[in-house]
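There are 2 protein chains.
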Amino acid sequence: MEDVMSGDPAKSVSKRSEGRRKRARNSSKPSFLDSQLPFQNVVNPMAPLEPLTSDHIEAVHHKSLEIIQRLGVKVLSDSARAHLRSCGCQVDEANHIVFMDPEWVMAMVKKAPSRFTLLPRNPDHTLEIGGAVMNFGLVSGPPNVHDAINGRRAGTLADFKTLIKLGQSFNAVHFMGNQAVATTDLPVNTRHLDSLLATLTLSDKVSASMSIGAGRVRDAVQMMAISRGVKPEDLKSSPALLTNININSPRVLDQEMSDAAMTLAEYGQDTIITPFTLMGAMTPVTFAAALAQQNAEALFTIALVQSKFPGAPVVYGGFTSNVDMRSGAPAFGTPENSRANMAGGQLARYYNLPYRTSACNASNAVDGQAAYETQMALWGAVTGHGNLIYHAAGWLEGGLVASFEKLIMDIEMIQMMISLMQTPRFDEDEFGLDAMEDVGVGGHFFGTEHTLSRSKTAFYEPMLSDWQNYENWQLAGGLTATERATAHWQEVVENFEAPPLDPAINDELEDYVAKRKAAIGDGEP
Amino acid sequence: MEDVMSGDPAKSVSKRSEGRRKRARNSSKPSFLDSQLPFQNVVNPMAPLEPLTSDHIEAVHHKSLEIIQRLGVKVLSDSARAHLRSCGCQVDEANHIVFMDPEWVMAMVKKAPSRFTLLPRNPDHTLEIGGAVMNFGLVSGPPNVHDAINGRRAGTLADFKTLIKLGQSFNAVHFMGNQAVATTDLPVNTRHLDSLLATLTLSDKVSASMSIGAGRVRDAVQMMAISRGVKPEDLKSSPALLTNININSPRVLDQEMSDAAMTLAEYGQDTIITPFTLMGAMTPVTFAAALAQQNAEALFTIALVQSKFPGAPVVYGGFTSNVDMRSGAPAFGTPENSRANMAGGQLARYYNLPYRTSACNASNAVDGQAAYETQMALWGAVTGHGNLIYHAAGWLEGGLVASFEKLIMDIEMIQMMISLMQTPRFDEDEFGLDAMEDVGVGGHFFGTEHTLSRSKTAFYEPMLSDWQNYENWQLAGGLTATERATAHWQEVVENFEAPPLDPAINDELEDYVAKRKAAIGDGEP
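Chains S and A supply the protein sequences, listed in that same order.
Reminder that position 99 of the first sequence reads as 99 in the working numbering, one-by-one numbering, no gaps.
If you count the second sequence from 1, you need to add 1000 to reach the working numbering.
Read the hints as simulated data drawn from the structure, not as lab findings.
Treat the hints with care, as some may be off.
One-sided and incomplete, this derived list gives chain A residues near chain S with beta-carbon spacing under 8 Å [unchecked claim]:
no., residue
1, K1236
2, T1283
3, V1285
4, K1308
5, N1322
6, S1338
7, V1366
8, R1425
9, L1433
10, V1441
11, Y1460
12, A1481
Simulated pairs of lysine to aspartate or glutamate, DMTMM-like, Cα-Cα distance not exceeding 20 Å [claimed, not checked]:
no., chain 1, residue 1, chain 2, residue 2
13, A, K1074, S, E437
14, A, K1074, A, D1101
15, A, K1110, A, E1266
16, A, K1231, A, E1510
17, S, K74, A, E1437
18, A, K1074, S, D438
19, S, K74, A, D1438
20, A, K1074, S, D434
21, S, K74, A, D1434
Derived DEER-like restraints, expressed as beta-carbon distance ranges [stated by the list, open to error]:
no., chain 1, residue 1, chain 2, residue 2, range
22, A, D1427, S, E491, 35 to 41 Å
23, A, S1054, S, T53, 23 to 29 Å
24, S, S453, A, R1085, 37 to 43 Å
25, S, T53, A, T1457, 21 to 27 Å
26, S, V43, A, Q1474, 39 to 45 Å
27, S, N506, A, D1427, 55 to 61 Å
28, S, D55, A, G1088, 50 to 56 Å
Here the structure is a predicted model, which means the values were calculated and not measured.
For each residue, glycine too, the CB sits at the ideal point set by N, CA and C.
Make the full structure from the sequences, and use the hints.
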């Protein structure tokens, strides 16, 4: 016999819930949103996967300290170099290279907290950062956007708002990244104000500041404080913002990056230090070298932040993947990327720091490749105990596109992962031996009280996956998952209702933006 | 800054290998097969993921023994019941129910080997079964076949041969399952002979016997012996065949199944004991109950086999997934299925038995759903330390269809998993500090000797994934992964060369089939 279910009609009862259909008719909300998982603190109950032995970890640790001490990192900010010189670091001023003593680095890294909390304007959306808690983030960074209705195009504020609405509507999204898509229709020097206004009015979840220079960060701090109804200095003891700070690998810390990081840390907000280490391009082609360089660049920058603002929340970021050796193009969701996501978690735990990783792919279409590459990266991130999993919803084309259909597919994948993390119960009643006795040999369990009393909650109910038989699926149009996703994001956007916000706060945010735009004019923020 | 690679042309060199293109022109083999991974013994170097605590395992163990002792299993074979009665088991003859004593069950289960070897006619394709070794199998069981050229249809011998050719050509496939697709164009009572002839002439990998009754199994043993150039009794000390034996859950052991299992065990061949436990249909809806019932049915049948043929190779099989509670349709690649794949491994290890699991999905199309559901199941299987991962290449539609395009996508996914299992090196030269020093800050590593000397082997090179930029991908037709897969399977089939086989053995196999067909006539095999 083979593992294929018989067509026995007794085993194939139809009991699509009448209540469900009624809800769909009477409510303005898309019906599939009714059954989404609640917003929740997701804790991975299983031990992490560890591709590196403790000897490997020690070797990477020592090599990365050697890189920091002997090769150094180029720091473009004059003030950052001056600060590090005052801390006793050796500085090659002709080339702007800073060298750090390994013991000093470790003393600084030890000042960082291993766990902290981020409180957005809705306390129900508070995030724990650390331990085995997993938080999934909206895509951030792409210059372009794509959907099946309007095609591929440069991102605008309208697209940005659509992404924030989707991120707010789906409980599986815990936080918004630095910039869901570039708002290329707006002036570069003030677009961060429009994005922040949209984010803080359309969403009440943890969100990010853009991380280019100090001015944009100060605006983010001010506006987040307004949205919470507190003063900026109150955020110090109760951080709300996160920001991703990339190192320009190999070993360059750009001034905009260090300025942003230092300003965030000054206000007690979370900086995520993420070297941009694509193996074969920005690091040597080997895994050992990439990890050592990632670790060196992360520790160096964390030490900088902690030396000036000890105890400021920081996150160890890993973004190690490989390039296509034939074209030089970045690749994601590869075996190397999946392994790096796990190994990065090992390194972060070695330093007792929270860990940021990603769930990316390099596909040009929302197809099987997009799904399996994302899964490879996502499983690496989840089994690597990533605390912040960036780009988990909507990333496509190696990050050049934010895709609405991919976002819907990603929500399904994240929800499945959240369900997998639930610990099943093993108490007496769960074993159902009475039901087994009642049903007897060769029967079925569809109609038993044991089944019926649990039928609504027994299994994860998918949003996008279609489990109809082939004939019914064909009758319903024979749509692929990607084709079905188009209706889903449209429904969510059409029925979107912004989370409640005190009109006075809304006005204050708008006033702040208007005032700042006038002040900035054609200059720099 | 965001995690998106700059368009810096210095970081995007093109160096598509000239040698590669030459090979593609001069060889009759599809060029993408040149770069496939070698056939290999894949060992998972990481600890398994364990969703169950040791208390949970103990609870499942004791509940399953209670099921065997108190509720019993219906055994339809008179001879099997008679044998079990002679072993001291209690038998309810009116209802054909057999009850086993827990201590006796455990004593029998302990007789099974924890590890064994399967030797097909090509010794290079020998499989290790046990420990952390992973073997990936071709789809088996579907009545239908699908490809983009000829559509969805009932399977024929021609389709069966296509699937065997694909399974033979891809090194990622370790073994052929019971029946890649039903050969519905052939008479039911002799089609196993045609399938076996095709399998043993087109492939030299480990393959399976059909498991319906003793006659078909004897034919498989005879023909496998012929293909190896040995006598059937020689296979006892050197098994070559595997067979999946499903329990007709809940708790029915069909006569054809026990007859097949006992005949295989008599010849020392591997039986895989797999309860068919879809939660909510064949078991109670709860995870605890499904695991207890799976475990009860598996242990019961393993005890039966071991009591008659102690030491015969057996594998603990798990096939626990859930049904769609709205329609009763089976679902695969769900969070519950992924967790069951891991938990089954914990139970198999508890009994020191090799473990069979699966990588299935319930999608109707070779789309994102097919990919993400397969990945969920595959990761459960791999992190659960599955030794035999059934249906890993070509399964679609909950097992109602063997898909040629899905098979190509699956090969890519398996190869990525095999690559992930490789342990990276951390010796001095791998760290590449000299290369880092040479390149300096802000440079790139494309042209360094450290990179160039490793460029061919540094990363997994995909077969199906397309990493071109969007513009080039569009120029090449803008094909999805599924659309690209069509050309791939066609190329492999068109260029297929059967593995070498002594013409005398080929004749002997054909003679055996002709003789047996004449003997069977319109009767039962």
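Q) Does the Cβ distance between S1054/A and T53/S fall inside 23 to 29 Å? A) holds (24 Å)
Q: Starting from K74/S, check that the Cα of D1438/A is at most 20 Å away, please.
A: Since the Cα atoms of K74/S and D1438/A sit roughly 15 Å apart, the hinted pair holds (cutoff 20 Å).
Q: Please verify that hint: K1236/A, Cβ, nearest Cβ of chain S, below 8 Å or not.
A: Because about 25 Å separates K1236/A from the closest Cβ in chain S, which is outside the 8 Å limit, the hint is violated.
**Q.** Supplied contact hint for L1433/A, tested at 8 Å Cβ to chain S
**A.** holds (7 Å)
Q. Is the hint on V1366/A kept, meaning its closest Cβ partner in chain S is under 8 Å away?
A. holds (6 Å)
Q) Does D1434/A lie within 20 Å of K74/S when you go C-alpha to C-alpha? A) Judged against 20 Å, a Cα distance of about 18 Å means the pair holds.
**Q.** Status of the V1285/A interface restraint (C-beta, 8 Å, chain S)
**A.** This interface hint holds because 4 Å falls under the 8 Å limit.
Q | CB-CB spacing for Q1474/A and V43/S relative to the 39 to 45 Å hint | A | holds (43 Å)
Q: For the pair supplied as a hint, K1074/A and D434/S, confirm whether the alpha-carbon distance does not exceed 20 Å.
A: Holds: K1074/A and D434/S sit about 18 Å apart, inside 20 Å.
Q. Is it true that D55/S and G1088/A lie within 50 to 56 Å of each other by Cβ?
A. holds (53 Å)
Q. With a cut-off of 8 Å, does the beta carbon of N1322/A approach a beta carbon of chain S closely enough for the hint to hold?
A. holds (5 Å)
Q) Does the hinted range 21 to 27 Å hold for T53/S and T1457/A at CB? A) holds (22 Å)
Consistency with the previously given hints fails for numbers 1, 4 and 22, ordered from lowest to highest.
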